Structures are given as structure tokens and as C-alpha cells.
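Chains S and H, in that order, are what the protein sequence lines are.
FYI, in this note's numbering the residues of the first sequence are 1 to 112.
FYI, in this note's numbering the residues of the second sequence are 113 to 225.
Source of the hints: derived by calculation from the structure; they are not laboratory data.
Check the hints yourself; a few may be wrong.
Claimed, not checked - Heads up, incomplete: computed chain S residues facing chain H, CB under 7 angstroms, no partners named: (1) S7; (2) G100; (3) S105.
Said to hold, decoys possible - What follows is a set of in silico ranges between Cβ atoms, one per label pair, in the way DEER data are often shown: (4) H:K129 <-> S:S80: 43 to 53 angstroms; (5) S:N18 <-> H:N119: 33 to 43 angstroms; (6) S:E62 <-> H:K167: 35 to 45 angstroms; (7) S:E97 <-> H:Q184: 18 to 28 angstroms; (8) H:G209 <-> S:P8: 32 to 42 angstroms; (9) S:A99 <-> H:T177: 15 to 25 angstroms; (10) S:D30 <-> H:K167: 26 to 36 angstroms; (11) S:T86 <-> H:K129: 19 to 29 angstroms; (12) S:G98 <-> H:A195: 38 to 48 angstroms; (13) S:E69 <-> H:N119: 34 to 44 angstroms; (14) H:S120 <-> S:D59: 11 to 21 angstroms; (15) S:N18 <-> H:A195: 34 to 44 angstroms; (16) S:D38 <-> H:Q222: 13 to 23 angstroms.
Predicted model, so just to flag it, every value in this text is computed and none were measured.
We treat Cβ as the ideally placed atom computed from N, Cα and C, and that holds for glycine.
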Amino acid sequence: DGGITQSPKYLFRKEGQNVTLSCEQNLNHDAMYWYRQDPGQGLRLIYYSQIVNDFQKGDIAEGYSVSREKKESFPLTVTSAQKNPTAFYLCASTYPEGAGYTFGSGTRLTVV
Amino acid sequence: SQKIEQNSEALNIQEGKTATLTCNYTNYSPAYLQWYRQDPGRGPVFLLLIRENEKEKRKERLKVTFDTTLKQSLFHITASQPADSATYLCALDMGTGRRALTFGSGTRLQVQP
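Based on the provided sequences and hints, a complete structural model is requested.
Written out as C-alpha cells, the structure is:
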């Protein structure tokens, strides 16, 4: 079955540490997205990519970085510059533009 | 600035009744609007998309309306069931040139048996 796989489901980060969240899709979708969700809040856009080797900043890109070397993969790195990284991170993909998004099951990141 | 507003208060209704959720937006006229369901600890699931030239869209017990004059979409669940209890999010393209959806904060629906 096609879908989006996010890993790990839970991740703990120490202060000053970079961590990378994985997002893989086998839907052959061109566009991929990263959103952050805080408790009781909506989704806020971090980065998105419409094609391989190209990506754009969203509303809250500071402290995050991404790469899109393959169509199937869009990893998100939470750097030490992100001062409040504890949140629920969601990856999504879609095709064609304007269609509904398919979301992964999310990664819950906690700073310890 | 452009905003999406959903009622932050939870909606509690009795089983069998119709639930109606509201999504209001400001300033921009989107080409389409989408609705998603999100269960606790899970990713949102796409439910329906309605385009600006469509007044109403239906899918089984779900109905969405889109009033571009009022800048409002209504999401209805008829014959609601306890299994419909979840948070419902609306999302749209805010027309900033950014090719990604902006999501509302969602409304939590609780259907009592």
C-alpha cells in the first residue's frame, strides 16, 4: 500500500544537539511538506518542496533545514538554533497541486 | 493580514444530530478549500475539497458549503456518531504565492452517545 512513513515516532533531543526526522513516501508525489503542531494549535508550515533539489521556507523555517535529493524523501533537521523544538512534526505529500494532502503519522520531538 | 478562523471552543452534540463546523477566512479569495479530520496523536486525514465555483459538495454523511461572498465554509456531519469525535481542520491556499496550504487551528467535535 502507498503512503508516507515518518520515523521515529518519538524522539528525544538534548540541548545543543541536531536531530533529523525522516519522511519517505511511495506515492510518486512531487510535492512534500513539513508542518509543526503545538498542543491545541493548528499546523504551521516549516518547509516545502515542489520538485527534487528545490525547496522553500514556510512561516517558521528558522532553526530548521531540509534536503530533497530524491523524490521519495524529504528529511527535516532540527538544529540547535531552534530554541523551542518540542512539538509534533508532520510530513505530507500531494499531487497534483490543489489535491488533498496525505500525511504521515508524525514524530513527537521532546527536548530533555 | 490573512487569517483562517475556526471556533476554538469544542462542539458537543448528541448522537444522531447534525454537527456544523465553521471556517472563516479574511482578505483573500482562495481557489479551493479543504477539510481534514485529525485524531489525537495522528496525522490529519483529507476529507473533502471544494472549489470556488462550487456551492456545495457531499460525500456520504459529509457536506461542505463554500460562500465566497461571506468568506466562509460550513462543514456538516449528518446523523453523527461517537466515532465522528475528532478535531476537524480547514485549510486553504492563502494566495501569498506560496504553494502550500495554510491550516486553521481546528474545532474539536465530541459526539455523545
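Hint-by-hint comparison with the structure:
1. Taken as an interface hint, S:S7 does not check out: its beta carbon lies about 13 angstroms from the nearest beta carbon of chain H, beyond 7 angstroms.
2. With its C-beta approaching chain H no nearer than about 3 angstroms, S:G100 sits inside the 7 angstroms limit, and its interface hint holds.
3. Contact between S:S105 and chain H, as hinted, is supported at the beta carbon level, the nearest pair being about 5 angstroms apart and thus within 7 angstroms.
4. Separated by about 50 angstroms at the C-beta atoms, H:K129 and S:S80 satisfy the suggested range of 43 to 53 angstroms.
5. Restraint check, S:N18 to H:N119: a C-beta distance of roughly 39 angstroms satisfies the suggested window 33 to 43 angstroms.
6. The given range of 35 to 45 angstroms is respected by S:E62 and H:K167, whose C-beta atoms sit roughly 41 angstroms from each other.
7. Between S:E97 and H:Q184 the CB atoms are about 24 angstroms apart, so this pair conforms to the stated range of 18 to 28 angstroms.
8. Remark: the range hint 32 to 42 angstroms for H:G209 to S:P8 is upheld by a beta-carbon distance near 34 angstroms.
9. Between S:A99 and H:T177 the CB atoms are about 20 angstroms apart, so this pair conforms to the stated range of 15 to 25 angstroms.
10. The hint said 26 to 36 angstroms for the Cβ distance between S:D30 and H:K167, and at roughly 31 angstroms that hint holds.
11. At about 38 angstroms, the beta-carbon gap between S:T86 and H:K129 misses the expected band of 19 to 29 angstroms.
12. For the pair S:G98 and H:A195, the supplied restraint of 38 to 48 angstroms is violated, since their beta-carbon distance comes to about 29 angstroms.
13. Between S:E69 and H:N119 the Cβ separation comes to about 42 angstroms, which falls inside the hinted range of 34 to 44 angstroms.
14. With their beta carbons about 19 angstroms apart, H:S120 and S:D59 fall inside the hinted range of 11 to 21 angstroms.
15. At about 41 angstroms, the beta-carbon gap between S:N18 and H:A195 stays in the expected band of 34 to 44 angstroms.
16. Here the CB-CB span from S:D38 to H:Q222 is close to 21 angstroms, well matched to the stated 13 to 23 angstroms.
Hints 1, 11 and 12, counting from the list given before, are not met by this structure.
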